[in-house]
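Asks: Residue 48 in numbering that gives the first Met the number 0 sits at position 49 of the sequence shown; the count goes up by one each step and never skips.
The hints are simulated quantities; they were obtained by calculation from the structure and are not laboratory data. Hints may be right or wrong, so weigh each one.
Keeping only pairs whose Cα atoms sit at most 25 Å apart, straight-line, the calculated DSS-like set for lysine-lysine is [what the hints assert, rightly or not]:
1. 140 with 84
2. 133 with 54
3. 25 with 140
4. 126 with 84
5. 107 with 1
6. 19 with 126
7. 64 with 1
8. 1 with 65
9. 84 with 133
10. 19 with 54
11. 140 with 64
12. 25 with 133
13. 1 with 84
14. 7 with 65
15. 1 with 54
16. 54 with 126
17. 107 with 140
18. 84 with 19
19. 65 with 54
20. 107 with 65
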Amino acid sequence: MKNINDLKAGVAVVIFNNQKQVLLQKRSDVGLWGIPSGHVEIGETVSQAAIREVKEETNLDISIKKIIGVYSDPNSQVFEYPNGKVTHFITTCFLAEVTGGELKCNSKESLDIRFFEHDNLPQDLLKMNPRWLKDALSNRKSAFIR
């Protein structure tokens, strides 16, 4: 395993539209597509962080429906940034629905943002996202712990 520099609490939010397409953002930090996600800031809850991150990255207002899972396995949750920093994330992944706002790429963190068919995702997708999406599509009532 790579030498890990940092441990962070993360959030990710799976959002489907009426056609069951999933919302992805092309991240400016790594140039890869991914489920909207980010870090929990000091003084906020994971649900507050999820709502804030989605608003910052997509301009959408959301309501949390449920927790899909909590992901901490270093095999999928250790991420190396282009600057060489290696971070281990403990990510709470939520399922949410849009309650307002207009979809637009309004963040320096995103190069693009759009909906994709869940069975036709971009090839340049973050490595942990297929697991999160598969778990979201499982319709399991209880959260996954991975």
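Asks: Work down the list of hints and note, for each, if the structure agrees.
Replies: To see whether the hints hold, each was checked on the structure:
1. 140 with 84: Violated - the C-alpha atoms of residue 84 and residue 140 are around 36 Å apart, more than 25 Å.
2. 133 with 54: 24 Å, holds
3. 25 with 140: 29 Å, violated
4. 126 with 84: 17 Å, holds
5. 107 with 1: 28 Å, violated
6. 19 with 126: OK: residue 19 and residue 126 at ~21 Å, within 25 Å.
7. 64 with 1: 35 Å, violated
8. 1 with 65: Measuring from Cα to Cα gives roughly 33 Å; hence the hint is violated.
9. 84 with 133: 28 Å, violated
10. 19 with 54: 20 Å, holds
11. 140 with 64: 11 Å, holds
12. 25 with 133: Measuring from Cα to Cα gives roughly 19 Å; hence the hint holds.
13. 1 with 84: Roughly 10 Å between the alpha carbons, so the hint for residue 1 and residue 84 holds.
14. 7 with 65: 21 Å, holds
15. 1 with 54: 33 Å, violated
16. 54 with 126: Given pair residue 54, residue 126 holds - Cα atoms ~23 Å apart, limit 25 Å.
17. 107 with 140: 35 Å, violated
18. 84 with 19: Violated: residue 84 and residue 19 sit about 35 Å apart, past 25 Å.
19. 65 with 54: This hinted pair holds, its Cα atoms lying about 18 Å apart.
20. 107 with 65: Measuring from Cα to Cα gives roughly 28 Å; hence the hint is violated.
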